[in-house]
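Engineer: Okay, here's what each chain looks like letter by letter:
Number of protein chains: 2
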Amino acid sequence: MILRERHLFGPGPSNAYPEATLGLAAPLLGHLDPEFIRVMDETSDMLRTVWGTENKRTLPISATGSAGMEAAFVNTVHEGDVVVVAVNGLFGQRMVDVATRCGADVIAVEHEWGQPVDVQRVIDAHPDPAIIAAVHAETSTGVRSDIEALGAAKGDALLIADCVTSIGGIELKADAWGIDVGYAGTQKCLGVAPGLAPFTINDRAFDRRVDRPRSWYLDLGMLGGYVGEAEGKGQRTYHHTAPVAMVASLHAGLTRILDEGLDAVIARHHDAGRMLQDGLQEMGLELFAAEGWRLPELTTVKVPEGVDSAAVRKDLLNRFDLEIGAGAGEYAASVWRIGLMGHNARPDAAALVLAALKDALGRAR
Amino acid sequence: MILRERHLFGPGPSNAYPEATLGLAAPLLGHLDPEFIRVMDETSDMLRTVWGTENKRTLPISATGSAGMEAAFVNTVHEGDVVVVAVNGLFGQRMVDVATRCGADVIAVEHEWGQPVDVQRVIDAHPDPAIIAAVHAETSTGVRSDIEALGAAKGDALLIADCVTSIGGIELKADAWGIDVGYAGTQKCLGVAPGLAPFTINDRAFDRRVDRPRSWYLDLGMLGGYVGEAEGKGQRTYHHTAPVAMVASLHAGLTRILDEGLDAVIARHHDAGRMLQDGLQEMGLELFAAEGWRLPELTTVKVPEGVDSAAVRKDLLNRFDLEIGAGAGEYAASVWRIGLMGHNARPDAAALVLAALKDALGRAR
Numbered sequence: 001m002i003l004r005e006r007h008l009f010g011p012g013p014s015n016a017y018p019e020a021t022l023g024l025a026a027p028l029l030g031h032l033d034p035e036f037i038r039v040m041d042e043t044s045d046m047l048r049t050v051w052g053t054e055n056k057r058t059l060p061i062s063a064t065g066s067a068g069m070e071a072a073f074v075n076t077v078h079e080g081d082v083v084v085v086a087v088n089g090l091f092g093q094r095m096v097d098v099a100t101r102c103g104a105d106v107i108a109v110e111h112e113w114g115q116p117v118d119v120q121r122v123i124d125a126h127p128d129p130a131i132i133a134a135v136h137a138e139t140s141t142g143v144r145s146d147i148e149a150l151g152a153a154k155g156d157a158l159l160i161a162d163c164v165t166s167i168g169g170i171e172l173k174a175d176a177w178g179i180d181v182g183y184a185g186t187q188k189c190l191g192v193a194p195g196l197a198p199f200t201i202n203d204r205a206f207d208r209r210v211d212r213p214r215s216w217y218l219d220l221g222m223l224g225g226y227v228g229e230a231e232g233k234g235q236r237t238y239h240h241t242a243p244v245a246m247v248a249s250l251h252a253g254l255t256r257i258l259d260e261g262l263d264a265v266i267a268r269h270h271d272a273g274r275m276l277q278d279g280l281q282e283m284g285l286e287l288f289a290a291e292g293w294r295l296p297e298l299t300t301v302k303v304p305e306g307v308d309s310a311a312v313r314k315d316l317l318n319r320f321d322l323e324i325g326a327g328a329g330e331y332a333a334s335v336w337r338i339g340l341m342g343h344n345a346r347p348d349a350a351a352l353v354l355a356a357l358k359d360a361l362g363r364a365r
Numbered sequence: 001m002i003l004r005e006r007h008l009f010g011p012g013p014s015n016a017y018p019e020a021t022l023g024l025a026a027p028l029l030g031h032l033d034p035e036f037i038r039v040m041d042e043t044s045d046m047l048r049t050v051w052g053t054e055n056k057r058t059l060p061i062s063a064t065g066s067a068g069m070e071a072a073f074v075n076t077v078h079e080g081d082v083v084v085v086a087v088n089g090l091f092g093q094r095m096v097d098v099a100t101r102c103g104a105d106v107i108a109v110e111h112e113w114g115q116p117v118d119v120q121r122v123i124d125a126h127p128d129p130a131i132i133a134a135v136h137a138e139t140s141t142g143v144r145s146d147i148e149a150l151g152a153a154k155g156d157a158l159l160i161a162d163c164v165t166s167i168g169g170i171e172l173k174a175d176a177w178g179i180d181v182g183y184a185g186t187q188k189c190l191g192v193a194p195g196l197a198p199f200t201i202n203d204r205a206f207d208r209r210v211d212r213p214r215s216w217y218l219d220l221g222m223l224g225g226y227v228g229e230a231e232g233k234g235q236r237t238y239h240h241t242a243p244v245a246m247v248a249s250l251h252a253g254l255t256r257i258l259d260e261g262l263d264a265v266i267a268r269h270h271d272a273g274r275m276l277q278d279g280l281q282e283m284g285l286e287l288f289a290a291e292g293w294r295l296p297e298l299t300t301v302k303v304p305e306g307v308d309s310a311a312v313r314k315d316l317l318n319r320f321d322l323e324i325g326a327g328a329g330e331y332a333a334s335v336w337r338i339g340l341m342g343h344n345a346r347p348d349a350a351a352l353v354l355a356a357l358k359d360a361l362g363r364a365r
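Quick mapping for you: the protein sequence lines, in order, are chains A and B.
Here the working numbering is used: the first residue of the first sequence is 1, the next is one more, and so on.
Here the working numbering is used: the first residue of the second sequence is 1, the next is one more, and so on.
It is worth saying that the hints were derived from the structure and are not from the lab.
Any given hint could turn out to be false.
Claimed, not checked - Think about it this way: if two alpha-carbon atoms lie no more than 30 Å apart in a straight line, the pair counts; the simulated DSBU-like pairs of lysine-lysine are:
id	chain 1	residue 1	chain 2	residue 2
1	A	Lys56	B	Lys314
2	B	Lys56	A	Lys314
3	B	Lys173	B	Lys56
4	B	Lys314	B	Lys358
5	A	Lys302	A	Lys358
6	B	Lys314	B	Lys302
What the hints assert, rightly or not - Sample of chain A residues lacking proximity to chain B, with all beta carbon distances greater than 12 Å (derived):
id	residue
7	Leu8
8	Ala26
9	Gln115
10	Ala130
11	Asp219
12	Val244
13	Ala264
14	Arg274
15	Lys302
16	Ala355
Even glycine gets a Cβ: it sits at the ideal position worked out from N, Cα and C.
Based on the sequences and whatever the hints tell you, model everything.
Structural biologist: Next comes the structure, spelled out in structure tokens:
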């Protein structure tokens with residue numbers, strides 16, 4: 001068998017930090033072992049730092065980012081609650097689906113894809129919603145939205161923020177911005193394999209939670225003991241078997257990030273994204289996301305007229321072992337998504353993808 | 001930092017096969033990469049072999065075994081359905097909780113812990129239930145139940161079987177036994193880290209499924225495309241980002257098992273369990289599970305009168321880096337659970353745990 005080593009420059013997963021890979025391969029610990037409890041406690045502490053929160057209920061949920069979305073809604077939506085969802089991409093649409101299944105009366109505030117959330121339209125959609133939800137960094141379009149402004153205007157509503165593609169890559173201040181419930185993924189800017197959903201919920205949201213949510217697996221009332229919330233550090237009660245290898249890997253990845261310094265990591269994402277976006281425009285390509293709202297970690301670029309989008313991606317994969325993403329939804333064939341996230345937020349990665357794309361485009365035309 | 005290397009002889013996770021550990025550390029693939037699709041297809045094929053099924057809908061669900069339980073019920077329970085659950089331990093109890101949250105009218109058929117399921121009592125509990133559910137290998141008590149007999153007597157009901165601790169360790173024939181929906185875990189006899197729930201559902205159950213289940217993440221209608229069920233092999237549609245490292249590790253673990261031979265692996269579990277159970281009785285200890293229904297992979301043994309159960313476990317962990325499990329529920333202090341599962345189903349593991357326990361008991365008395 002030959003192992004392929006790919007440059008994962010799509011919308012995620014990204015290549016893991018070497019530290020995170022080593023963490024995966026470390027000897028397994030029992031999920032109730034005092035050594036593992038220490039790993040879990042430290043992981044939650046480091047997650048608080050990257051979230052910008054003091055929330056004691058900050059934990060890696062034992063499934064991928066989309067399960068984090070489900071945990072957010074299933075624990076907070078009471079039957080018939082009005083939930084206003086800002087939809088400016090695929091993940092806003094997914095929130096509508098998930099919230100509806102949880103019994104919400106959903107008001108979807110639709111936006112053109114590629115544009116940020118219009119905070120005023122979202123606030124004006126309903127006078128007194130139970131929940132307002134929005135995506136901080138839309139993975140489908142490469143657009144950032146102003147969660148801070150939404151938090152300032154939310155009134156009595158709870159604010160749920162999807163931070164899957166923002167955490168660890170751009171500024172994120174859950175407490176200062178008024179995020180009541182946030183969920184994320186490990187496989188983007190955190191530079192860890194997919195499989196966990198970093199999650200945080202504040203007391204305000206926890207106090208309003210559903211007593212016995214429809215999901216047992218994602219019931220935050222039971223997950224409290226799982227991370228020792230009730231008992232304090234160093235204590236855990238059994239809920240489900242923690243995915244110990246993934247947690248150890250997240251621990252290693254977060255340690256790496258904090259050793260480098262969170263601000264330095266964010267600056268590294270900024271610089272790599274800038275280099276890529278400048279380079280693409282110098283090649284005569286047009287960026288898709290609205291100017292001023294472009295994510296450095298995930299760049300969307302229009303496929304030039306007459307170029308077969310899928311053929312170029314296939315060529316990059318076959319000749320350069322380099323993955324970029326197709327567009328999402330109706331933009332599948334007309335947009336590419338290029339991620340420089342986590343370990344890949346580096347000048348060499350930006351230089352490589354620019355050179356490879358130039359080469360592949362030369363052949364395709 | 002010092003890494004601890006533990007002998008994981010509790011009820012799970014067990015130590016992973018070295019092949020599975022190497023699989024975790026392999027370079028990550030994108031979740032839509034053709035190489036990864038091949039890995040996923042082969043993983044599903046190998047899962048069919050260990051499940052004993054031809055079900056095309058056989059996949060590793062992207063969360064731990066308990067999420068497999070939730071997927072089983074959330075996709076099959078229609079509001080108000082009568083669900084008969086055989087309860088002879090903690091995981092039967094959990095089924096009752098999960099099914100109730102899914103809107104079932106649950107009839108729990110309670111058994112004394114340590115005893116197998118009484119098939120006739122379960123069948124007699126209701127004349128025409130929508131679903132009958134039982135645990136094949138009760139992790140809380142170390143007891144096997146006769147799923148084949150339940151399948152033969154189920155009538156028109158769907159049979160849901162929890163095979164978390166049986167898969168890959170004892171005989172399991174999903175199709176021949178009439179299991180309509182089965183779920184399992186990776187961290188027991190499959191010898192892979194926790195984080196995935198091997199799952200299988202036949203056409204009969206799939207045709208009766210809930211159209212739009214309350215869970216988006218576990219919606220099998222959407223997960224079909226995720227494993228290329230609709231499109232055929234080599235094709236996948238995006239649902240959520242697959243936990244690619246965990247899937248690669250499961251692929252490696254299953255390859256190892258099938259290279260050794262499934263029958264040989266099951267025989268190895270049998271022999272290690274026999275050696276352990278004989279040795280414990282020779283030490284004068286009494287087994288907890290009913291004779292004739294004892295799992296070879298997970299042995300339950302009564303804590304001798306006057307011995308501090310937790311102190312012995314702590315001594316084993318501290319001096320021998322050896323983990324055994326406490327009892328579950330009301331047996332927390334009066335029973336130990338000793339697992340020799342997957343990579344640990346070996347004579348050296350049995351010899352070590354017997355020697356270490358003898359030593360620790362000598363100090364404790």
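Engineer: Each hint: holds or not?
Structural biologist: How the hints compare with the structure:
| no. | hint | in the structure |
| --- | --- | --- |
| 1 | A/Lys56 / B/Lys314 | holds, 28 Å |
| 2 | B/Lys56 / A/Lys314 | holds, 28 Å |
| 3 | B/Lys173 / B/Lys56 | holds, 15 Å |
| 4 | B/Lys314 / B/Lys358 | holds, 14 Å |
| 5 | A/Lys302 / A/Lys358 | holds, 14 Å |
| 6 | B/Lys314 / B/Lys302 | holds, 17 Å |
| 7 | Leu8 | violated, 6 Å |
| 8 | Ala26 | violated, 6 Å |
| 9 | Gln115 | holds, 23 Å |
| 10 | Ala130 | holds, 18 Å |
| 11 | Asp219 | violated, 9 Å |
| 12 | Val244 | violated, 6 Å |
| 13 | Ala264 | holds, 22 Å |
| 14 | Arg274 | holds, 24 Å |
| 15 | Lys302 | holds, 21 Å |
| 16 | Ala355 | holds, 20 Å |
Of the hints listed earlier, those the structure fails to meet are numbers 7, 8, 11 and 12, in rising order.
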